[in-house]
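There are 2 protein chains.
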Amino acid sequence: MDTLATLQKQYDTYKKMGLALNMQRGQPSDADFDLSDGMLNSVTTADLVSESGVALRNYPGGVRGLPEARQLFGDMMGVSADEMIVGNNSSLKLMSETLMWALLRGMKDSPAPWKDAPAKIIVTVPGYDRHFTLLDALGYEMVTVQMTADGPDMDAVEKLALDPDVKGIFFVPVYSNPTGDTVSDKTIWRLASMETAVPDFTIFADNAYSVHHLSDDKDVPVNMLRACQESGNADRIFIYGSTSKMTYASAGLGFMAASPDNIDYIAGLMGAQYIGPNKVEQYRHVRFLNAYPGGIAGLMAAHATLLKPKFDVVDAILSRELGGTGLATWTKPKGGYFVSLDTTKPVASRVVELAGELGVALTPAGATYPFGKDPNNSNIRLSPSRPPLAEVEQAMEIVAFCVKLASAE
Amino acid sequence: MDTLATLQKQYDTYKKMGLALNMQRGQPSDADFDLSDGMLNSVTTADLVSESGVALRNYPGGVRGLPEARQLFGDMMGVSADEMIVGNNSSLKLMSETLMWALLRGMKDSPAPWKDAPAKIIVTVPGYDRHFTLLDALGYEMVTVQMTADGPDMDAVEKLALDPDVKGIFFVPVYSNPTGDTVSDKTIWRLASMETAVPDFTIFADNAYSVHHLSDDKDVPVNMLRACQESGNADRIFIYGSTSKMTYASAGLGFMAASPDNIDYIAGLMGAQYIGPNKVEQYRHVRFLNAYPGGIAGLMAAHATLLKPKFDVVDAILSRELGGTGLATWTKPKGGYFVSLDTTKPVASRVVELAGELGVALTPAGATYPFGKDPNNSNIRLSPSRPPLAEVEQAMEIVAFCVKLASAE
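Protein chains in written order, with the numbering used here: chain A, 22 to 430; chain B, 22 to 430.
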């Protein structure tokens with residue numbers, strides 16, 4: 022190991038380089054976006070009525086979204102069109118709608134609106150900061166369970182589900198943010214069939230990365246809606262997805278899958294909020310994705326070609342610099358957008374601080390925990406998707422160096 | 022007057038014509054939509070970064086919407102860009118968000134979330150059915166006041182505002198749905214300055230038709246946000262608008278105006294729900310509307326050219342068939358999308374039924390009242406915007422006839 026003095030000298034050398042690199046958020050690169058530029062003109066004046074006969078410019082069409090869009094993304098999620106709602110951009114907004122209606126009106130079979138009593142939601146840690154922010158803003162209390170290589174720690178979940186204040190669980194089932202872990206089939210069956218204190222216990226599964234594989238070695242767990250149905254708990258789950266990391270991050274589509282009864286219920290409430298989503302934007306997606314060589318899978322393979330070298334270089338540099346040092350562990354996800362790095366010593370916030378001083382912006386330490394508080398001060402979320410490969414490589418050298426320096430200090 | 026026997030004979034003649042006409046909803050015509058087809062390709066790969074420097078395809082940009090869009094629609098609403106939020110399609114959704122957050126968290130200066138106590142909202146009747154449906158779905162209680170030629174009946178409003186359960190008023194200030202009435206300046210000043218029992222009394226002004234004039238004889242009342250500010254109640258009002266009846270009904274933009282403090286507050290909460298609206302769609306609007314000859318006013322004048330003859334024929338036929346009979350009165354709006362017809366006898370539902378039998382679909386009688394219950398059974402909302410002129414003429418002959426027959430029965 023290098024001495025602290027050596028590391029501090031190296032720090033000065035890095036500092037003089039005046040770097041400005043960003044590994045902060047899970048954003049696609051411009052090269053990823055370029056793949057979907059055909060979407061900009063995929064609907065013309067020749068396409069003003071969809072194949073199913075919906076006039077795209079006028080109001081009618083329904084709050085569930087275009088039939089063609091529900092079919093396309095239903096196929097992607099392994100459900101039927103009547104188990105789908107396709108909205109505007111942002112699946113987070115659809116999660117928010119569901120969680121809001123649960124508070125104000127309750128779920129379909131709720132004895133009472135959730136606002137009428139304490140409402141706790143289980144979240145996994147490390148997890149996704151926007152889930153935590155949303156739940157807190159709405160007034161939910163969060164209870165944490167550990168994310169494991171098999172998904173949420175089910176022993177803990179099953180115990181918490183027996184608390185009548187606990188109304189549900191909110192997590193990322195595939196290529197989890199930030200660990201990259203995917204629920205095992207066993208976890209899914211336990212979630213689908215477990216005993217719960219309340220009849221309206223709900224799984225909010227943010228399946229943001231279900232088709233975001235980095236190679237042909239894919240995590241494809243059992244269909245969660247089907248597992249719930251086969252366990253006699255068809256109405257237990259809502260599953261969310263979006264094209265934000267397939268087409269355009271800002272101009273994608275959010276969608277959700279649930280039992281037909283749940284879809285009827287929530288569509289009825291959403292129908293009080295608006296006439297329906299932007300049908301022209303939905304049809305742009307339908308026409309573009311259906312025309313793409315290989316369809317959605319073909320587009321995601323093209324993204325993987327851009328993304329995999331970046332994930333490979335993250336692992337290569339961490340292995341080269343930190344392998345065998347005992348200073349840190351990190352994940353090697355098969356898909357998704359993140360690598361999760363855990364320092365052995367409680368120095369995550371110091372690593373992020375040092376990296377910032379050297380011109381490498383990282384996600385704030387603690388962001389993967391509710392209220393930004395990582396009890397071990399060990400977890401750092403790495404987002405290699407946005408910068409060019411050479412910058413990822415340079416940024417990771419800095420990160421690995423900062424782990425060494427922070428640990429030595 | 023015709024005898025009942027004559028009218029019944031005429032009924033049989035109309036019946037045999039097998040008409041299929043629709044005056045049910047306030048939808049633009051295809052000719053209106055055609056005016057905005059240039060929007061489909063107003064953003065190309067040459068425009069991937071907005072003039073203000075926002076990368077349109079990636080996430081960042083903010084929950085308030087593109088600066089260019091806030092400027093454009095702020096100008097239209099007579100407010101500044103920092104008094105604006107521009108969202109996705111549907112201003113109703115923005116109203117829903119505001120009303121939901123008020124329940125769950127309260128308004129900026131609320132002593133408590135509105136869900137914690139009875140929450141009543143004043144609505145005007147006749148009024149807009151979607152407002153009633155939304156308020157009811159969210160759990161608000163509605164109290165009605167009469168819509169007058171000067172706007173909401175302010176004597177009634179001022180009295181209700183002294184009830185601590187009354188949290189606000191929800192209405193259409195300009196070319197009201199369905200009466201076409203516009204608030205007078207006096208009404209605006211009374212709303213802006215009136216005494217209220219609660220400090221967080223809120224005016225929800227659905228200004229859907231502010232630029233939807235039928236001719237150069239325009240209703241342009243005093244700026245409602247400025248009136249509230251000058252009355253020392255800057256945070257009392259939220260004003261909503263959309264391009265649904267300017268560009269595409271299904272693919273427009275919704276927006277809202279309020280004091281900078283209110284915008285900061287609600288944007289903070291909306292920022293928990295999503296990263297931001299579809300920026301590509303916003304830039305499509307900006308580029309298209311700024312390039313349109315005469316801008317937004319030019320586009321609205323082109324719509325007026327299509328709409329005015331339809332409104333003229335509605336008035337002409339009602340005057341010819343019912344003028345001087347004492348059987349009905351109706352409005353002659355200077356803008357907006359509706360004509361409001363009141364039968365003298367309580368026969369509105371029978372008129373709608375008879376018209377339906379003769380192949381003319383009208384908005385269900387009662388729809389302009391909460392829960393579809395018009396206490397006088399007299400109000401019928403006529404929507405002449407969607408059908409071609411000749412069909413509006415034919416439909417109105419049937420409507421006038423049905424008023425005669427229902428009144429004679």
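FYI, nobody ran anything at the bench for these hints, they're computed from the structure.
Small disclaimer: the values here were computed from a predicted structure and weren't measured.
Among these hints, one or two may not hold up.
The list treats identical chains as one, so a pair stands whether inside a single copy or across any two.
[What the hints assert, rightly or not] Straight-line Cα separation of at most 30 Å, DSS-like style, residue types lysine-lysine; simulated pairs: (1) K394 x K129; (2) K141 x K129; (3) K207 x K329; (4) K30 x K329; (5) K36 x K239.
Now the hints, each set against the structure:
1. K394 x K129: This pair counts as between: shortest inter-copy Cα distance 27 Å, intra-copy 34 Å.
2. K141 x K129: both (18 Å within a copy, 25 Å between copies)
3. K207 x K329: within (28 Å within a copy, 65 Å between copies)
4. K30 x K329: neither (33 Å within a copy, 78 Å between copies)
5. K36 x K239: Classified as neither; 40 Å inside a copy, 64 Å across copies.
Of the numbered hints stated above, those contradicted by the structure are hints 4, 5, listed in ascending order.
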